[in-house]
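Colleague: Protein sequences, first through last, are from chains L and G. Residues in the first sequence are numbered from 1 upward in steps of one, following this note's numbering. Residues in the second sequence are numbered from 1 upward in steps of one, following this note's numbering.
If you are wondering where the hints come from, they were derived from the structure by calculation, not from laboratory data. All values reported here derive from a predicted model rather than from experimental measurement. Keep in mind that a hint or two might mislead.
One copy or two, either will do: identical chains are not told apart, so a pair holds if it fits within one copy or between any two.
As the list claims (entries may be wrong) - Computed cross-link-like contacts, DSS-like style, restricted to lysine-lysine with a CA-CA straight-line distance of at most 27 Å:
#1 K220 x K23
#2 K310 x K76
#3 K283 x K347
#4 K283 x K307
#5 K223 x K237
#6 K76 x K23
#7 K223 x K23
#8 K220 x K237
#9 K223 x K347
Protein chains: 2
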Amino acid sequence: MINPLYLPELRLMLAENNDVELKGFCEALHPARTADFMEGLSAEESWQVLSHTDSERRVEIFGYFNPATQVDMIEKLDRQAMAGLVAELAPDDSVDLLREVNPQIVEELLPLLPTDERRDILHLRSYPEGTAGAVMTTDVAMLSEDLSVRDALTELQQIAEGLETIYYLYIVDEQGHLRGLVSARQLLSSIGKNIRLGDLMETGLVTAEVDDDQEEVARKVAKYDLLAIPVVDLERKMLGIITYDDVMDVVVEEATEDAHRSAAVEPLENSYLETNLVTLAWKRGIWLFILFGAALLTAFALRSYEKDLKVWPWLVLFLPLIISSGGNTGNQSATLIITGLTNRNIKLSDWGRVMRRELALGLMLGLFLATCGLGAAWAVSPEEMNLASMWVIPLTLVTVVMGGSLIGSLLPLFFQRIGLDPALMSNPFVAGIIDIFGIVLYMNVAWFLLT
Amino acid sequence: MINPLYLPELRLMLAENNDVELKGFCEALHPARTADFMEGLSAEESWQVLSHTDSERRVEIFGYFNPATQVDMIEKLDRQAMAGLVAELAPDDSVDLLREVNPQIVEELLPLLPTDERRDILHLRSYPEGTAGAVMTTDVAMLSEDLSVRDALTELQQIAEGLETIYYLYIVDEQGHLRGLVSARQLLSSIGKNIRLGDLMETGLVTAEVDDDQEEVARKVAKYDLLAIPVVDLERKMLGIITYDDVMDVVVEEATEDAHRSAAVEPLENSYLETNLVTLAWKRGIWLFILFGAALLTAFALRSYEKDLKVWPWLVLFLPLIISSGGNTGNQSATLIITGLTNRNIKLSDWGRVMRRELALGLMLGLFLATCGLGAAWAVSPEEMNLASMWVIPLTLVTVVMGGSLIGSLLPLFFQRIGLDPALMSNPFVAGIIDIFGIVLYMNVAWFLLT
Numbered sequence: 001m002i003n004p005l006y007l008p009e010l011r012l013m014l015a016e017n018n019d020v021e022l023k024g025f026c027e028a029l030h031p032a033r034t035a036d037f038m039e040g041l042s043a044e045e046s047w048q049v050l051s052h053t054d055s056e057r058r059v060e061i062f063g064y065f066n067p068a069t070q071v072d073m074i075e076k077l078d079r080q081a082m083a084g085l086v087a088e089l090a091p092d093d094s095v096d097l098l099r100e101v102n103p104q105i106v107e108e109l110l111p112l113l114p115t116d117e118r119r120d121i122l123h124l125r126s127y128p129e130g131t132a133g134a135v136m137t138t139d140v141a142m143l144s145e146d147l148s149v150r151d152a153l154t155e156l157q158q159i160a161e162g163l164e165t166i167y168y169l170y171i172v173d174e175q176g177h178l179r180g181l182v183s184a185r186q187l188l189s190s191i192g193k194n195i196r197l198g199d200l201m202e203t204g205l206v207t208a209e210v211d212d213d214q215e216e217v218a219r220k221v222a223k224y225d226l227l228a229i230p231v232v233d234l235e236r237k238m239l240g241i242i243t244y245d246d247v248m249d250v251v252v253e254e255a256t257e258d259a260h261r262s263a264a265v266e267p268l269e270n271s272y273l274e275t276n277l278v279t280l281a282w283k284r285g286i287w288l289f290i291l292f293g294a295a296l297l298t299a300f301a302l303r304s305y306e307k308d309l310k311v312w313p314w315l316v317l318f319l320p321l322i323i324s325s326g327g328n329t330g331n332q333s334a335t336l337i338i339t340g341l342t343n344r345n346i347k348l349s350d351w352g353r354v355m356r357r358e359l360a361l362g363l364m365l366g367l368f369l370a371t372c373g374l375g376a377a378w379a380v381s382p383e384e385m386n387l388a389s390m391w392v393i394p395l396t397l398v399t400v401v402m403g404g405s406l407i408g409s410l411l412p413l414f415f416q417r418i419g420l421d422p423a424l425m426s427n428p429f430v431a432g433i434i435d436i437f438g439i440v441l442y443m444n445v446a447w448f449l450l451t
Numbered sequence: 001m002i003n004p005l006y007l008p009e010l011r012l013m014l015a016e017n018n019d020v021e022l023k024g025f026c027e028a029l030h031p032a033r034t035a036d037f038m039e040g041l042s043a044e045e046s047w048q049v050l051s052h053t054d055s056e057r058r059v060e061i062f063g064y065f066n067p068a069t070q071v072d073m074i075e076k077l078d079r080q081a082m083a084g085l086v087a088e089l090a091p092d093d094s095v096d097l098l099r100e101v102n103p104q105i106v107e108e109l110l111p112l113l114p115t116d117e118r119r120d121i122l123h124l125r126s127y128p129e130g131t132a133g134a135v136m137t138t139d140v141a142m143l144s145e146d147l148s149v150r151d152a153l154t155e156l157q158q159i160a161e162g163l164e165t166i167y168y169l170y171i172v173d174e175q176g177h178l179r180g181l182v183s184a185r186q187l188l189s190s191i192g193k194n195i196r197l198g199d200l201m202e203t204g205l206v207t208a209e210v211d212d213d214q215e216e217v218a219r220k221v222a223k224y225d226l227l228a229i230p231v232v233d234l235e236r237k238m239l240g241i242i243t244y245d246d247v248m249d250v251v252v253e254e255a256t257e258d259a260h261r262s263a264a265v266e267p268l269e270n271s272y273l274e275t276n277l278v279t280l281a282w283k284r285g286i287w288l289f290i291l292f293g294a295a296l297l298t299a300f301a302l303r304s305y306e307k308d309l310k311v312w313p314w315l316v317l318f319l320p321l322i323i324s325s326g327g328n329t330g331n332q333s334a335t336l337i338i339t340g341l342t343n344r345n346i347k348l349s350d351w352g353r354v355m356r357r358e359l360a361l362g363l364m365l366g367l368f369l370a371t372c373g374l375g376a377a378w379a380v381s382p383e384e385m386n387l388a389s390m391w392v393i394p395l396t397l398v399t400v401v402m403g404g405s406l407i408g409s410l411l412p413l414f415f416q417r418i419g420l421d422p423a424l425m426s427n428p429f430v431a432g433i434i435d436i437f438g439i440v441l442y443m444n445v446a447w448f449l450l451t
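In isolation and in its complexed conformation, chain L is listed as follows (with noise of 0.2 Å):
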């Protein structure tokens, strides 16, 4: 999002150097408005902006930068310099924009940052993309039950800058073995009062694991109404912790890639106008083949009607309103089917009743639309249609919607049920199986009524 209309004042404060200005437009507005306005300066001028606030806003508004030009930034400009915003950042934003970078610069990078930075950067990134591990940031308080709510505080005012949340503070043992959770709210509630960390602790809390899919742990958070979920490897050990802004990101990747997933789009990295045109061409295309392999066996079981095509030709007028009748009855069971398992609304032991309400559902819409089509075959009605073959229509739309539904339903459950991500039915996908079914079953309504 370009302010063409503020670029052009940004660049007369620079050449002025308008140190009052320039910080004022730094730290006046959300850091995110300011990383609006900013967009279209060069990697230089942005930098330039950005000297005239300290350390702390710098990296809020660079956060808010979007990730091509952050990524700009960062190989663009002088090293020393930018190991040292890279230091500033959160662990984990740290690791996903230094995924991003040049592995070369990376290296050239790392060496320049303070080693604790350093060494969480390079924990971090050892976890695989897609888990708690690479989501989670390090920065959270961890404190020992024993200590008072007077020293938590005393502790908290001194290392709250530094932190994603101070909304929750983490119990641990010695060992940083996970024990509990105070909460900002109970600290407060007890302020003035003599007790231990250890007395006012909320136990069994919801945790994730390292390894978790980074979906499994939003849609825990989100269950859980919670602020942050801690993160423990087997041990229960306490490794860091995911933030709910976090989760909300993931939640909306997940359901992007659902949606790309779903109309037969292998998920893009980056946004469309970002991902260049081979990728998107590679990312559609090895789909476009699957379903073109799919649609060709609808040539064959054509190829097997052709004698009887030609005896009845005008069936061929209503052979893509049949097929998109069926398959557009399947889109909607299948992705009806699929965000309900996203949303653990649907168990797979729920196949059954999952069954028999497609098949009610599929004998409606099927009698519903075998009325439009007996009006459809009245009202195209080619010149060798007779009156009785006019019932081929409604009689293939029924069935065909019927299976439909059923097939439509079915898949989702049944790739969940080897373990496949239901998401990769995609619609595409099971209107072509439908394709298939379609043509067999129109054939043969057609064959049996007719002969």
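Start from chain L and add chain G according to the hints.
Modeller: Positioned in the frame of chain L, the structure of chain G alone reads:
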């Protein structure tokens, strides 16, 4: 999610009226887990279980029951008791719940509520569903800027229990206009300092207006990484807040709606298994009917080519293959553009860039599928098809795939332009339009090459 293993134990505890164990069950776990374990109990049984814990915990657990269970309890159990329960819920949750309850029962409940809660509920009910006003809660700390940090802490300790978040304190003037915000983090860092909230507060807040679309609000909260967003009226009078956990629900809800729309299902209000069959049939049937209408045009188009189809009957064999290739490509383009528009990565003004990209992509994908198509023509090779006529298939594929990309990408932009939701441009609808385009193109390419 019914946990049948736990139900007999719970029923045993109820039969024994075992207060110790039931209290333990209610209080030992996260309330969401307790709620999970209770699924499958009747309304009466659930209420009996909940009567063994204090009202705060009771409300928390109740909040995690699924909506159908909540409604069932409110409708079946003692009005006075249920009024007490509703009064304890956050006002936004009460309103959501009461929207689902039989209106006559709501009329009986309302007079039983304390005046304050009843006023809040009636007020919130007046905002239309899907707006910021309908999602917000009024349980929020609004303080004067003249309050000292010490007094603010004391005040906060007293009111903390009833508030949805204590992490942001909103500063309002005497008429209730929003002036600024003090975070709990700032408050903590200022303990012991002799300053007023007015000195600490941040101004220039990101706010939502009460009529804003909930999707818009969710996007703001995600973009600015907020814990809560204040909701104001046209005069900037503060009305309430929307917290991150409600925003997360909105994000999931909107993603599900978009998924349903993309498969031509009118969005459901409840989950698939909770929606009755007649409603489902209606929400699907209405779209199937529209799509049927579009598909009917293919029958008319084919009828006008009936003579050509008699001359070259083998054209029929590849008909589903060709129209599905165009439709699949169009679906991909439409979905990429719709998700881009939803995530704000693509703007209307990008239409020229999108068109150029889609033309290039369409050409690449088209040439690729044309190669596959030549192979397919050779593999299926019906008797009447000579070498020259094989070129009809690849040539049609290039053009139909390019057309599909272009149509699929421009339709959502067009819908956005005329002020409609681009997600209405469902995949089957795009495919339906491309089907007709594909048939016309196919027959014209054939006519051009074969005569």
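Colleague: State for each hint whether it applies.
Modeller: Against the structure, the hints:
| no. | hint | in the structure |
| --- | --- | --- |
| 1 | K220 x K23 | between (41 Å within a copy, 25 Å between copies) |
| 2 | K310 x K76 | neither (68 Å within a copy, 65 Å between copies) |
| 3 | K283 x K347 | between (30 Å within a copy, 23 Å between copies) |
| 4 | K283 x K307 | neither (39 Å within a copy, 40 Å between copies) |
| 5 | K223 x K237 | within (23 Å within a copy, 32 Å between copies) |
| 6 | K76 x K23 | within (23 Å within a copy, 62 Å between copies) |
| 7 | K223 x K23 | between (42 Å within a copy, 23 Å between copies) |
| 8 | K220 x K237 | within (19 Å within a copy, 35 Å between copies) |
| 9 | K223 x K347 | within (16 Å within a copy, 33 Å between copies) |
Hints 2, 4 from the list above are not met by this structure, while the remaining hints are.
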